[in-house]
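In order, the protein sequence lines correspond to chains A and B.
No gaps in the numbering here: position 95 of the first sequence is 95 in my numbering, and each next residue is one more.
Here my numbering runs 1000 ahead of the position in the second sequence, where the first position is 1.
Rather than coming from a laboratory, the hints here were simulated on the basis of the structure.
Heads up, a few of these hints could be off.
[To be verified] Distance windows between CB atoms, simulated:
| # | chain 1 | residue 1 | chain 2 | residue 2 | range |
| --- | --- | --- | --- | --- | --- |
| 1 | A | GLU170 | B | ASP1295 | 31 to 41 Å |
| 2 | A | GLY120 | B | THR1491 | 51 to 61 Å |
| 3 | A | ASN16 | B | GLY1025 | 33 to 43 Å |
| 4 | A | GLU209 | B | ASP1252 | 25 to 35 Å |
[Unchecked claim] Chain A is faced by these chain B residues, among others (derived, beta-carbon under 8 Å):
| # | residue |
| --- | --- |
| 5 | GLU1445 |
| 6 | PHE1446 |
| 7 | LEU1482 |
Using N, Cα and C, we set each Cβ at its ideal position, and we do this for glycine too.
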Amino acid sequence: MKLRRTKLYLPGNNPNMLLRGHLFGPDGVILDLEDAVAMSEKDAARILVRDVLTRGDFGDCEVTVRINAMDTDLWRTDIETVVPCGIDGIRIPKVENPKDVALMGEALSEIESKAGIPVGKTLIFCLLETALGIWRSYEIATASKRVAAICPGGEDLRADLKTTRSENSEELIGPRRIVVLAAHAAGVDALDTVYADITNDAGLRRETEWVKQLGFQGKSVIHPNQIPIIHDVFTPTAKEIEQAKRIVEAAAEAAAKGLGAVQVDGRMVDRPVVKRAEFTLQRAGLKSGGEK
Amino acid sequence: MTINTAGRNIPDSIPGYGDVKHFEGHDKRIPEGNRYGKKNRASFNNKTDKTLPDIKAAISASGLKSGMTVSFHHHLRNGDFVVNAVMDACAEMGIRDLVLFPTALFGVHKHLTKHIKSGVIRQIQGSVNGPIGQLASEGGMEVPVVLRSHGGRPRAVTSGNIVIDVAFIAAPTSDRYGNLSGAVGKSACGSLGYAHSDAEYAECVVAITDNLAPFPASNIHIPQYFVDYVVTVESIGDPAGIVSGTTRVTRDPMRLLIARNAARLIESSQYFKDGISFQTGAGGISLAVAAYVRDAMRERGIKGSFGLGGITEFFVDMMKEGLFERLMDVQSFDLAAVKSIGENPNHIEISADWYANPWNAGCAVNMLDTVVLGATEVDRNFNANVNTEADGALLHGIGGHQDTAAGAQLTIITTPLLRGRIPCAVDSVYTVTTPGEVVDAVVTEFGVAINPRRQDLIDAAKEAGNIPLVTMDELIEKAEGLTGKMSPVETEERIIGVVEYRDGTVIDVVRQLKKK
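Okay, chain A solo, but in the shape it has when bound (with noise of 0.2 Å):
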């Protein structure tokens, strides 16, 4: 699993930013040709994004790019423009309907045939931000084999449910825990949604705390200042890891022996737990991340 604790939004027309946020350590970089760029800088940014992209040194990081949505006529022209130069995957905002999910496979098929890019290589990261994209988030999640992880909105999804911000965003509880649910149910990862009060340290750990518990497996991010945060709250405990490395420990010497399932402080230990131990192990940084 890879992990995506943290996707940083990096503006496409601000070269700064472009440049060095993967200096700032998150698990992977969203660079934005949508909401950050006004509609009259969108020729610009493109080429700006395109140009960073050339450049190709962003660390560690899975690199994404947020395309502009598909109800605009710039889509083609973003998804065509920056594919070729081999990203990780893209972010579509606003999906609603998994059909565009399927076209946006079939278009990125094409784009990555023609640039030599192995078809299939580039992964779909979508952004529910309406009533109708959560209730659909399943079919979403699985209209293309591309899709990565689902995404629920903020400011927007607010807008559409007709409701405004509370201080513990009580008006998201439900779709959030729908998105969980669906991205688990379609083997995806669920990672959330933005945390806009950037000087609100503690306010940030409290969200990340709770959209942990519900079971998202990262947070975007607006500001890099969020990052280690996020990062923290992600991190196991010293007793989680320990338990962990019982687990995997007990696992190998039960396969060592031919044996299935084996009891680790008292508890059966079958394979998704042997699984979730590893995922643990990960996220401390005491393993690496295999195949998804």
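Place chain B on chain A using the hints.
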């Protein structure tokens, strides 16, 4: 012409400066002879009041004449009224061709440009910045500016390289017999560290105060036996400009990233242990480094010995918390530092001579473990430029840069790799202020380059495992890859600035900018 050991080709004599002693290495020049001494004088009990009615009366009494050298301190920083007022008075009295010898000048002193243009001021020996720097860079001064560090300046004074005819000392408090304090008064600025050598060595000392206290004043920083005259004025400065600076740690992520890299380097070093001594500036990155180091000291239960330099509330709080035993304060940056120096015996005022003069029996920087400095650019040989900007104009003084770099066991320069589209790691700096031989590491957001002569630091950083190590060559290549090569600055032959190393040798020169 001679190529000095910093690799600069310097004339053997410079018009308006004289014969050049070439830089040969940071610890190579050893002085001979005795310290300078001012003329003897006597005073008796028939005169117990040194006050004079105004600045002009003091100028007359001091014997100041055209062509002489006058000195000022910069403890009132951008709030200072005194330099401008004294120069105005000199102009009105028809005094000309003065050599201005301040410890530093600030934006508020752009007022002096008219006195430079009219010939009241012929030369500046001291830092120039902003409009005066621009004026000098464009050839607006007849005689080159001479730049010295905070240690190089008292060295020049105590050795007699420079003889101060009249020192005008802005004093937040004075009594009628010339006992001066920086800690008390409506214009309190804390330490008067930069004024000490001037008080001790100037042929005549005039104190200018806006708080005449009954004799004897309290919290005496400069005692009566150095001071010849006292003048009371309505105000010596604007408190808003005197105590400034912020103690809030930046939230700028790039600065925090650089600061974290620097703090980790310090924590990985052999110096991060009980008794550590530490100096940082008051700027954004420096303060953030201090904050990270403070957190690490708390976490690992480390107690430091002293904090040095310009002192801020941040350091005052660290001492209160027990993270430092003492503060050695040459300059108090904010109100908390001013209050602390007046109240806490562990907060010690030190003179610039004590702080950084290489020509005495031991200055404070020699006892320093780590210092965190900035620079406008650094180069392949770890040379640092703090004097000129990318356009070649004189913009900043040296401050304590050369001194602390030479004194500290671990000298770290923090800088963003790019400022806008200007690279800060370059093949060769435009001006060498501080030679690479006394710089141990350059810390940027793109990684940490450790001077190859410090294999011990490289090993320790590798061992720590959390420091993004790169080579200087890689940093330069990265910067150039992002910005392209800069076009060279176009200059005339004429030298408008002489950068002295702290030992009085010439490390570099600055030439007049070509007219665009």
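Evaluated hints:
1. For the pair GLU170/A and ASP1295/B, the supplied restraint of 31 to 41 Å holds, since their beta-carbon distance comes to about 35 Å.
2. Distance hint check: the CB atoms of GLY120/A and THR1491/B are about 58 Å apart, consistent with the given range 51 to 61 Å.
3. Range check, ASN16/A to GLY1025/B: Cβ separation about 39 Å, and the 33 to 43 Å hint holds.
4. One distance hint, 25 to 35 Å for the beta-carbon pair GLU209/A and ASP1252/B, holds here, with the actual separation near 26 Å.
5. At a threshold of 8 Å, the smallest CB-CB gap from GLU1445/B to chain A is about 5 Å, leaving the interface hint in force.
6. With a least beta-carbon distance of about 7 Å to chain A, the hint placing PHE1446/B at the interface is held under the 8 Å criterion.
7. Hint on LEU1482/B holds. Least Cβ distance to chain A is approximately 6 Å, under the 8 Å limit.
Of the numbered hints given earlier, the model fails none.
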